[in-house]
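Residue numbers (the working numbering), protein chains in the order written: chain A, 1 to 118; chain B, 1 to 398.
Hints in this document: simulated from the structure, not taken from any laboratory.
Among the hints, erroneous ones may be present.
To be verified - Listed next, the in silico DSS-like pairs over lysine-lysine satisfying Cα-Cα at most 25 Å (straight line):
{"#": "1", "chain 1": "A", "residue 1": "112", "chain 2": "B", "residue 2": "383"}
{"#": "2", "chain 1": "A", "residue 1": "57", "chain 2": "B", "residue 2": "88"}
{"#": "3", "chain 1": "B", "residue 1": "84", "chain 2": "A", "residue 2": "33"}
{"#": "4", "chain 1": "A", "residue 1": "38", "chain 2": "B", "residue 2": "84"}
{"#": "5", "chain 1": "B", "residue 1": "326", "chain 2": "A", "residue 2": "112"}
{"#": "6", "chain 1": "B", "residue 1": "326", "chain 2": "A", "residue 2": "57"}
{"#": "7", "chain 1": "A", "residue 1": "57", "chain 2": "A", "residue 2": "112"}
{"#": "8", "chain 1": "B", "residue 1": "124", "chain 2": "B", "residue 2": "88"}
{"#": "9", "chain 1": "A", "residue 1": "33", "chain 2": "B", "residue 2": "88"}
{"#": "10", "chain 1": "B", "residue 1": "326", "chain 2": "B", "residue 2": "383"}
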Amino acid sequence: MLDQWLFLALLLPLGFILPAVPIALSRLVGPRKSNPMKDSAYECGVETVGDTWVQFKVQYYIFALVFVVFDVEAVFLFPWAAAYDRLQLYMVLEGILFILILAAGLVYAWRKGNLEWV
Amino acid sequence: MTQDPVGWLGQLIHTFLVSLGLAPEWARALQAFLAAGALATAVLLLTFFLIWVERKILARLQDRLGPNRVGPYGLFQTIADAIKLVLKEVIVPSGADRVLYFLAPPLAVMSVVGLWGVVPLAPKLVGADINVGVIYLISIGAIGTLAVMLAGWSSNNKYALLGAFRTVAMLISYEVPMVVALLVPTMLAGSMGTVEIVERQREMWFVVLAPIAALLFFISSMAEAGKAPFDLLEAESEIVAGYNIEYSSMAFGMFFVGEFLHGFTIAALTVALFFGGWLGPGVDRFPLLGLVYFALKSAVVYFVVIWIRGTLPRLRIDQVNAFNWKFLVPLSLATVAATAVTDKLAAGLGWSRTLALLGVNGVLALATIVALTLYARSVRRRKARAERRIGAAATARG
């Protein structure tokens, strides 16, 4: 088992380093002539007005909240699904009850209008 | 020897390394390093070919020729492009967060290469056979979202930031039906390990037992990969390019390597989880035949991905999110519940079990279509009534 995790522990850094090499290479080989015009933010020729790191709509935050609720609860369902072969029928029904609670959360968010894009 | 060529090769290398005077544990570690390097390199080299395939097929779908100058059938076009990109200047926009700016492109590639670590390529040929393979897939896939967010944030550009925000709203939304749809193969196989999931499809592919879950997984992972019609994160007609506007040279190229590779990766994952992976006739006698089956099946699914990309126009952000939350998520919850109950009731019935699961999926699909039809009709009625009211008001005013 530990062997398998060692493989992944080696694969992930390699997956990071291999694409980093061409970027470093292009930093070495490519020309380096910078001027203020070239380095300015690209907005189709219009100069940027104000701060670029703007505050943004709360809408995105609400979607993120709904997502967190669902994802965390879905992760709780994985042990149930992995042990499915050994479950009795009533245990399966208990899992379904959990899914129904999840669905109730979705209905709540829907009725509150949190799923509408405004 | 023919039964397990990979294990035989591994044993050979191990014996060789130990004979050089290396301790067995260190030899194992070195072997793991070599294997990981081989997998990562192979996957990244595959991308050169995939970019050509995708451009060529897309061109044919749009009645064009596609790349056809460099090399036979334009096969070396990608290599020429890569050389050109390396020779270009890396521009860092003023005011950018330099560390995050250069962290993002390799991270985007890493999240895709990491996925290949648990994809079973052939019998006994898999990067890592871990017992939480499905959760690993979800968590490593989520790093891609992080890379896009880093790129959009660090570029010091409003359009890039807008693209990144959209991405976060869309990618995390589509993760929900994907995670829930992944419960179905986990349940049918009784394990979260990808190797075990493929192994358990010997009797019947999971796409037959759970066609709706397969479709849900396919659609939501297409959104995760940012393939059209879900390519909002780089809508060139709306926000010039999205999160990667300020990137140039190979830093830009790496985002595209990640994206093209992700397209093939979702095809491979769909095949492994639902289409029997490397299973096929004669695979037990010649294990390497499994690699051929796996590649062929993945190629077919990959073609469908490109086909959809070439056919459908880009969706609007509100449509994308409504489609996810109001259609995919409820359907995925219903699929899991229906599959769980039916499979438990029909356990040990042999062929009748397959028929029962197919029947439940059919009923579910039918119910979905009926519900959609009724909903569309009510929307049409409401619209017509509103128009009539406006018309009446206009006549009353004279």
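Hints versus structure:
Using a Cα cut-off of 25 Å, the hinted pair residue 112 (chain A) and residue 383 (chain B) holds, with the two alpha carbons roughly 23 Å apart. Pair hint residue 57 (chain A) plus residue 88 (chain B) does not hold up; C-alpha atoms about 36 Å apart against a cutoff of 25 Å. Between the alpha carbons of residue 84 (chain B) and residue 33 (chain A) the distance comes to roughly 17 Å, so the proposed pair stays at or under 25 Å and holds. Restraint check: the Cα-Cα separation between residue 38 (chain A) and residue 84 (chain B) comes to about 20 Å, which is no more than 25 Å; the hinted pair holds.
For the hint linking residue 326 (chain B) to residue 112 (chain A), the alpha-carbon distance of about 13 Å falls within 25 Å, and the restraint holds. Between the alpha carbons of residue 326 (chain B) and residue 57 (chain A) the distance comes to roughly 21 Å, so the proposed pair stays at or under 25 Å and holds. Pair hint residue 57 (chain A) plus residue 112 (chain A) holds up; C-alpha atoms about 18 Å apart against a cutoff of 25 Å. For the proposed pair residue 124 (chain B) and residue 88 (chain B), the alpha carbon gap of about 43 Å is over 25 Å, so the pair is violated.
Restraint check: the Cα-Cα separation between residue 33 (chain A) and residue 88 (chain B) comes to about 11 Å, which is no more than 25 Å; the hinted pair holds. Proximity of residue 326 (chain B) to residue 383 (chain B) is assessed by CA-CA distance (about 20 Å); at most 25 Å being required, the pair is judged to hold.
The structure is inconsistent with the numbered hints 2 and 8, although it conforms to all the rest.
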